[in-house]
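Sequence order for the protein chains is E and B.
Residue numbering for the first sequence follows the working numbering, beginning at 59 and increasing consecutively.
Residue numbering for the second sequence follows the working numbering, beginning at 59 and increasing consecutively.
Don't read these hints as lab results, they were simulated from the structure.
Quantities reported herein were computed from a predicted structural model and do not represent experimental measurements.
For chains that are exact copies, the list does not tell them apart, and a pair is met inside one copy or across any two.
Each computed SDA-like pair below joins lysine to any residue, with the alpha-carbon atoms no more than 25 angstroms apart:
1. K151 / L168
2. K162 / E221
3. K162 / G335
4. K296 / R253
5. K94 / T264
6. K162 / I216
2 protein chains.
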Amino acid sequence: MTQPKLGIICGGGELPTKVAQACISANRPFHVLALKGHAGDEVLQFPHSWITFGKVGRLLAVLNDEACADVVMIGNVRRPNFAQLAPDAAGIKLLPKIVAAARKGDDALLRALVGFFEGAGFHVVGVDDVIADIVGREGVQGAIRPSDDHWADIQRAIEVAREIGRLDIGQAAIVCGGVVLAVEAAEGTDAMLDRCADLPVEIRGTELARRGVLVKLAKPIQERRVDLPTIGPPTIIKAADAGLAGVAYEADGSLLINPKEIIANADSSGLFVIGIGGDEPKSGN
Amino acid sequence: MTQPKLGIICGGGELPTKVAQACISANRPFHVLALKGHAGDEVLQFPHSWITFGKVGRLLAVLNDEACADVVMIGNVRRPNFAQLAPDAAGIKLLPKIVAAARKGDDALLRALVGFFEGAGFHVVGVDDVIADIVGREGVQGAIRPSDDHWADIQRAIEVAREIGRLDIGQAAIVCGGVVLAVEAAEGTDAMLDRCADLPVEIRGTELARRGVLVKLAKPIQERRVDLPTIGPPTIIKAADAGLAGVAYEADGSLLINPKEIIANADSSGLFVIGIGGDEPKSGN
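Extracted from the complex, chain E is given alone in its bound form (with noise of 0.2 angstroms):
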């Protein structure tokens, strides 16, 4: 049976040529919805349209020309400046309740555009829906596993990790030796990374002498079908050159790139990389 086809809402980044890679291998329809500022020249590939910011009329009567019945939203996309679209009819109607719930976050945001596709009739899948072996799973993934003091420095950025996201600011955390080197906000996870590297040396481990984790967790409160929490290949060059031992991601929960690059690329550099389940770590996994 063929699936419904799928309308790909996306920014920046490499998760949507995948998604539209996926849909090709799986013989499934689609059309892409690029972000103008956001997507990149890569959807030029694929059977696409440009959308803009606040022309909500003009998204909509995108899908239903091209018969989408699914929608998945993913890729990076910058928050706008609301006070400087300029939306058309339909972006009038729904700009006061995106706003709304902008000044809440950008989970609450974003929980506000599923709920606003789903109640114009369509159905919002997530992009583990559309490709199978994306979702990270539990246990050491590489060659290097983590010692108890390396799960002790786990256990506590699983606990900062949890209270920033409960509060909707970010997803990840760095601790070393027990002290919080970086909580991730606005700024992301690679730009979280870089400044790790800035920090005095006498408080964060080195290449020579690995010490530290990344924790990177799944908001509680997160609408699982848009922004998961993701790891790539470039998230463990930079971890490595924190000088972090390694970078633990909530298994089942965050979106794994490139998988086998990851693992190479932590296993050159002396990292492990590792899946965590919902429930606490146990030492020695």
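We have chain E; now place chain B onto it with these hints.
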């Protein structure tokens, strides 16, 4: 009546000099114990001894030789790498306690140090016991008052700063239009403000259209005799560069270094500076 002689155990920054000058103004005897690698050459103008992390016996000997009954700990200090210290006999005895406390966070570490000095017979005082007018007061400090939008951001930032304080992560948060732009961890407030200036302009304020606030609070579990949140003239300059609309600090729980210069900087850049009470702030103050 002459006050007891004060041992000023200090790292870097402006505060050690200010405390020493306050002692001179008050005719209070004092001796500076300057931490090598942290305190600057400004201590050379005062009666001083250099001390080293781990040399605990030497530190106690100086305090006793100089007959210091009171002790104050101030100034910027980076955490040492405990594994690389060369402690003396008293240091070897103390170190396990300190390392265990350090694993729980900066505040636990400082409380352990306070406990150590108290146990050794010294009276640990806060900087506000030495410099009377250094503690920030409640209310609007300059010419500019926060708007209702700013109050909404202040309240969200208070919520965030309280939680990260409770977890002993840091003391400060920046919120703009409901979005948490940055959370302070090991990098400190200045670095947090610097990276805020690098965020996309869509989600932050600019010098022409100021938005967003920095809120700095004492940690709820904070040992208030050491490490109170500090606001200085550079804080305001960096907040202005990041496009923020203002800075809020905890009244009666923060140190304002050079308040006149702080207010002058804020007024000339168009930022508000406000001391907020322990209770929820009210709109319009």
